[in-house]
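Novice: On the provided structure of chain A, position chain B as indicated by the hints.
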Amino acid sequence: MNRNRPPGFFIQLFKWYCKESLTESILGDLEEQFEEDLQQHGVFTAKRRFVWNVIRFFRRGIVKPIYDAQKLNIYSMLKHHIKLAIRGFKRFKTSFAINLIGLSSGLACTLFIYLWVNDEWMKDKFHENEDRLYQVMHNIDAMNKIETIKPTPALLGQALLDEFPAVEKMVSVVPAGSYGANGIVQYEEKQLKTLEQYVTADYFEVFSFPLKIGNKKDVLTSKDNVVISEELSKKLVGEGIDPRGKSIIWHKDGKTHTYVVTGVFAALPANTSEKFDLIFTLDTFLDQHPHII
Amino acid sequence: MGRTNYLGEFEELILTMVLILEDDAYGNTIVKAIKEHQNREVNLSSVHITLYRLEEKGYLESHMGGATKERGGRKKRYFKITNTGKVLLQEMKDARTKLWKLAPQLSFNA
Chain A
23 MNRNRPPGFF IQLFKWYCKE SLTESILGDL EEQFEEDLQQ HGVFTAKRRF VWNVIRFFRR
83 GIVKPIYDAQ KLNIYSMLKH HIKLAIRGFK RFKTSFAINL IGLSSGLACT LFIYLWVNDE
143 WMKDKFHENE DRLYQVMHNI DAMNKIETIK PTPALLGQAL LDEFPAVEKM VSVVPAGSYG
203 ANGIVQYEEK QLKTLEQYVT ADYFEVFSFP LKIGNKKDVL TSKDNVVISE ELSKKLVGEG
263 IDPRGKSIIW HKDGKTHTYV VTGVFAALPA NTSEKFDLIF TLDTFLDQHP HII
Chain B
496 MGRTNYLGEF EELILTMVLI LEDDAYGNTI VKAIKEHQNR EVNLSSVHIT LYRLEEKGYL
556 ESHMGGATKE RGGRKKRYFK ITNTGKVLLQ EMKDARTKLW KLAPQLSFNA
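The listed protein sequences correspond, in order, to chains A and B.
Per the numbering used here, the first sequence starts with residue 23, numbered consecutively.
Per the numbering used here, the second sequence starts with residue 496, numbered consecutively.
Same shape as in the complex, but just chain A:
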């Protein structure tokens, strides 16, 4: 870099921001000034003054307009469209209102439908073996029409497991809330209204409801076992206390039984289709309802 030339960066900067028609003459004046300063005051002062002048020239009338002609056209076209639209709205108020309401509610509906469908798709996706889980349903002949219902015979599960090699594991479930009124669980003095579900032993192995306390292989081995939710355990026994081995009393449909807590399951994910606070064994259900096979 030549020491006796104005700083190149600032020449470029000036060329960049200055209107093209003015660049030549102003830059010439600046360089002339620089050469004069160079002789009278030395390099440092000359450069400093040059830089300062370039900065001082950054003002209205010198700086290029921000929009060049082409961009200006797009801008004015947009302005024109907006103006026409607003005039149209003022002139046709009713159809404007109808359009506005129609479009916005349509858009809102679409978004809500998307949210809903998305929610449906997310259902039960948290199960690890989700792609290998199937629910067996039951076709019945109802007045010459075939109706598909969820309840299946209690014996079906075991039969499928025994006779179909493709069936790896089987779980029979009496879903929460499907039988009778809500039960009441009691521990010492505390009583709580809860939702119970009856399942067979492999339940926690097939479905991914993680256990906080207890081993998923043997929590439901005996008829008097019960697995409770973390929240229920907190409410009944208290936080941080292992509820295993504690006896709880279960009141339902005028009957009372005592069960021993063997495990605690973690809070259920929001996208689960099965919601329950207590898990009993299917055998205890069958004992209480001997007419069901």
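Please keep in mind that the hints were generated in silico from the structure rather than gathered at the bench.
The structure displayed is predicted, hence computed values, not measured ones.
Even for Gly, the Cβ is constructed at its ideal location relative to N, Cα and C.
A hint or two may mislead.
[What the hints assert, rightly or not] Taking lysine-lysine pairs in the DSBU-like style, the calculated list, with each CA pair at most 30 angstroms apart, reads:
| id | chain 1 | residue 1 | chain 2 | residue 2 |
| --- | --- | --- | --- | --- |
| 1 | B | 581 | A | 41 |
| 2 | B | 581 | A | 37 |
| 3 | A | 238 | A | 215 |
| 4 | B | 530 | A | 69 |
| 5 | A | 69 | B | 552 |
| 6 | B | 570 | A | 37 |
| 7 | A | 37 | B | 596 |
| 8 | A | 41 | B | 593 |
| 9 | A | 239 | A | 145 |
| 10 | A | 256 | A | 268 |
| 11 | A | 256 | B | 581 |
| 12 | A | 86 | B | 552 |
| 13 | B | 588 | A | 41 |
| 14 | A | 41 | B | 596 |
| 15 | A | 172 | A | 277 |
| 16 | B | 570 | B | 581 |
| 17 | B | 527 | A | 86 |
[To be verified] Covered, in the sense of this in silico footprint (three residues per stretch, anywhere, with C-beta under 8 angstroms from a C-beta of chain A), are these stretches of chain B:
| id | stretch |
| --- | --- |
| 18 | 502-516 |
| 19 | 519-525 |
| 20 | 543-550 |
Specialist: Positioned in the frame of chain A, the structure of chain B alone reads:
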């Protein structure tokens, strides 16, 4: 005088300087002339801005020329006062003289 014919103090100064410098009126010489005759430091950028504004108003005209080895070989933009500009300066001077005639005699001994 209408709004468009109005000149500011600085604009008048620049216009007068262009008139004085005749054929050698461009940014740097104007700055120097003001320093010389009025002992006043003005910034090159303000001079340029004012020159272009006066040109736009039609009191000045400009042409490019005089490329030399100095100034990095760049051309100068020479300014010349137009007839409109001359008339305006004359009008302003007359108007001021008229006003001064109306004023009481200045006395500096009070």
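Novice: Which numbered hints turn out to be false for this structure?
Specialist: Of the numbered hints, 2, 5, 7, 8, 11, 13, 14 and 18 do not hold.
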